[in-house]
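Student: Letter by letter, the chains look like this.
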Amino acid sequence: MAFARRISILFVTLLLAGLGGATLLRLSPGFGVDERDLDSRLNAASLEASQAARAGERNLGRFYASYLSGLARGDLGTSRLFGRPVVDLLKERLPLTLGTVLAGFVMAWVVGITLSAVSAMVRNQALPFALDSFSSALLCIPSALLAVLFYRMDVPASAGVAAVIFPKVFFYSKRLFSSSLAKPHVVTARAKGLGDVRVFVWHAVPPVAGELIALVGVTLALGLSATIPLEVILDLPGIGQLAWNAALGRDMPLLVSLTLLIGAFTLVANALADAVAHAATGAGSNDNSR
Amino acid sequence: MSFRMILRVFLTVFLCLRASGQGGGELRFSIRNDPKTFDPLLAEDEASGTVRYLTGATLIRIDRKTQKFAPELAESWRILAGGTSIVFKLRQGILFSDGTPFSSDDVAYTFRRMTDPKMHSPVGDSFRGGPGEIKTLVQGPAQVTVTFPAAIAGVESLFDQLTIVSSHSPKKELATLGPFVLGEHKPGSHVLFRRNPNYWKKDATGRRLPYLDSVRADIQQNGDLELLRFKRGEVHMIDTLDPELFDRLWAGSPGETRNAGASLESEMLWFNQVSGAPLPAHKKAWFRSKDFRRAFSSAINRSDLCRLAFKGHADQAAGPISGANRLWANAKLAPHVYDPKAALARLHRDGFRLEKGTLRDRQGNAVEFSLTTNSGNKARSRMAALVQQDLAKIGIRLNVVPLDLPSLIERITRTHDYEACLLGLVNVDLDPNSQMNVWLSSAANHPWNPKQKTPETAWEAEIDRLMRAQSSALDPKKRKAAFDRVQEIVWEEAPILYLVNKHALSAVSRRVLNVSPVSLWPRLYWNPEYLRVTNQVAQSR
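These protein sequence lines are chains H and L, in that order.
In this text, residue positions in the first sequence follow numbering that gives the first Met the number 0: the first is 0, and each later residue adds one.
In this text, residue positions in the second sequence follow numbering that gives the first Met the number 0: the first is 0, and each later residue adds one.
Hints were generated in silico from the structure; no laboratory data involved.
Source: prediction; values computed, not measured.
Restricting the straight-line Cα-Cα distance to at most 27 Å, the calculated cross-link-like pairs of lysine-lysine (BS3-like) are:
1. L/LYS340 x L/LYS289
2. L/LYS88 x L/LYS200
3. H/LYS90 x L/LYS185
4. L/LYS170 x L/LYS200
5. H/LYS90 x L/LYS35
6. H/LYS167 x H/LYS182
7. L/LYS134 x L/LYS170
8. L/LYS170 x H/LYS90
9. L/LYS477 x L/LYS64
Take these sequences, add in the hints, and give me the full structure.
Tutor: Below, the structure is given as structure tokens:
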């Protein structure tokens with residue numbers, strides 16, 4: 000029952016996001032115009048035909064009805080910008096973006112967790128200060144600027160995703176580890192002479208595992224949104240570049256489909272992370288009770 | 000015969016055989032977007048135009064170098080019946096890429112398809128000047144007559160865009176008569192063209208063209224990345240470079256840059272003169288004043304625009320037609336002279352006065368308005384900033400408003416909610432008939448005041464008359480005289496201020512042979528059948 004409720008909330012949220020996106024796009028300046036309007040070769044009849052072809056999207060009610068009926072059949076419509084079915088465009092571009100996001104995500108988590116653990120455990124102040132400064136710098140730099148930097152350095156886009164995710168993981172996990180390491184039972188374990196690594200793995204990590212896993216969904220969504228400037232600047236034919244072009248070209252079927260896709264990705268990632276975190280917390284509390 | 004002599008003959012024969020057997024390699028360059036269509040009759044965007052140019056063949060082609068008509072699939076042609084008919088004698092023995100023979104039926108089919116009102120083909124619209132049907136009469140496999148409802152002056156130039164498609168090939172428009180055929184399209188990545196084994200042209204030695212084995216057009220939206228890939232040798236040419244990137248390449252590798260001089264592209268500025276535009280009455284009065292427009296033009300330092308905004312890679316523009324269009328540019332016109340004092344004097348005559356550094360009109364309104372332009376074009380943004388500075392010298396406060404292109408198009412074509420606009424004009428066709436929708440006062444693309452029911456000014460009525468006259472006159476001299484007069488009226492009345500003509504800047508790797516850059520589009524691969532890519536760098540150019 001709870002699962003069904005959760006799924007229906009997810010579905011309604013998605014629908015509202017997608018259709019809300021369509022409404023915003025419809026109200027944006029420049030909606031329904033085309034570069035063809037400036038083509039001096041076209042005569043009045045062709046210009047009118049081109050404008051009439053876009054008229055269907057002007058009426059939001061009609062657009063919603065036609066889009067939703069298509070969606071029910073697995074048809075997301077045809078991109079006005081690319082002149083191709085939206086489903087095909089998504090199929091072609093999704094693997095590249097997913098690959099970039101996942102590679103960046105893994106990099107950021109491995110490096111972030113490792114460095115935050117080191118930073119939380121060392122007694123020397125210089126290293127944490129350096130790591131904090133580095134992470135703060137990454138946090139301050141907009142992802143578009145990172146993309147320019149990586150383009151100059153010829154670094155893959157996944158490193159850009161990692162650079163965006165890393166500071167979140169680092170700061171969040173460092174705070175959790177620090178508070179965990181300051182707990183009395185951990186201090187006692189250290190005082191009894193247990194090794195730092197053993198103390199960290201067995202006593203500092205398990206209590207915060209649930210909170211860390213909950214961050215997974217957020218960082219995945221963050222990584223996905225970072226692909227928009229990265230793919231545009233690095234000229235990568237992925238979902239991010241597609242979203243950018245769709246917004247600039249006021250391509251309603253494409254942009255609504257992308258909103259739904261990105262929304263679904265974010266919601267599913269968060270829901271999964273929550274579920275795993277919930278399970279982990281349960282398991283963790285059982286461990287503690289033993 | 001000595002042994003050395005025998006060896007020399009042997010080596011010569013070997014090298015000749017090797018050369019004749021050598022493939023031309025793969026040429027790689029970039030296009031900005033995926034082609035929107037592979038149907039040559041529907042091509043509108045530049046990427047689809049590239050596909051059409053590389054794969055298609057026309058009856059008549061405009062030679063990009065000489066700007067003269069050259070026979071392609073048509074061996075010869077004659078214009079009859081006062082310009083209402085054109086008879087083509089076609090080459091025989093030509094095959095489409097899939098092996099189906101080319102004949103006059105294909106020409107008739109192409110016309111039927113292109114003029115189908117449901118197609119809304121841009122090429123078809125160019126041919127359909129007015130009401131009435133275009134008819135074709137097939138007179139055997141090698142002769143076809145095309146009859147138009149009314150005479151079209153300079154009709155040959157329209158055929159440069161008309162790719163002949165097969166009437167009976169099962170591959171439809173993918174069966175081509177041009178040097179290449181579509182090999183592969185990986186959306187978002189590249190379009191690969193392979194050599195057309197049935198291409199009809201041969202070189203002077205009788206070898207079948209093209210020399211190249213394939214052409215790969217990578218989809219690359221970012222000009223900086225394109226230049227980086229060029230420097231790494233991943234692409235062999237860049238058809239259009241902006242001045243900044245051109246100078247960057249020049250600094251490191253001057254031998255690979257090409258400047259073919261002024262292009263057909265103009266940068267222009269116009270004022271909103273639409274009667275119903277949502278503007279205050281006093282601003283409408285300024286923009287409708289010829290003295291105001293001419294004074295504005297004289298206050299702009301075009302030389303600075305060329306020097307600073309385009310790094311010296313542009314010429315001052317005198318009128319609507321760039322000097323690169325050798326046949327149609329009015330050579331008598333010179334750019335409006337930069338003279339802020341003369342500009343102020345003209346404004347004083349029109350009732351404006353300069354008070355404490357601010358220009359005011361008769362009613363005391365301070366002259367301040369916005370200049371709308373599209374965002375994302377560095378040179379244009381610089382140009383807008385320079386114009387802003389120039390106008391400040393005569394007390395005009397100009398606010399630059401960059402908008403994204405759809406918003407800009409909406410304002411200039413629908414809501415007319417703008418004051419002045421700075422944009423670029425890309426001419427792809429040399430003939431003035433292609434500009435009928437710009438100059439006729441009733442046209443939708445008449446920039447400063449579109450869709451007028453009747454011309455609102457005497458000079459616009461005169462332009463209408465002259466444009467119609469040139470479009471129906473068959474005597475090239477009369478056409479030229481009429482269009483020269485149009486250019487003079489535009490220069491005099493200044494409804495559009497032409498600022499600069501950009502240079503045709505490009506880059507070519509030393510590995511590409513037989514490239515001869517031109518100012519028309521395409522600048523580098525206009526003769527694709529003759530291009531070659533070698534593994535060795537060409538030493539002399």
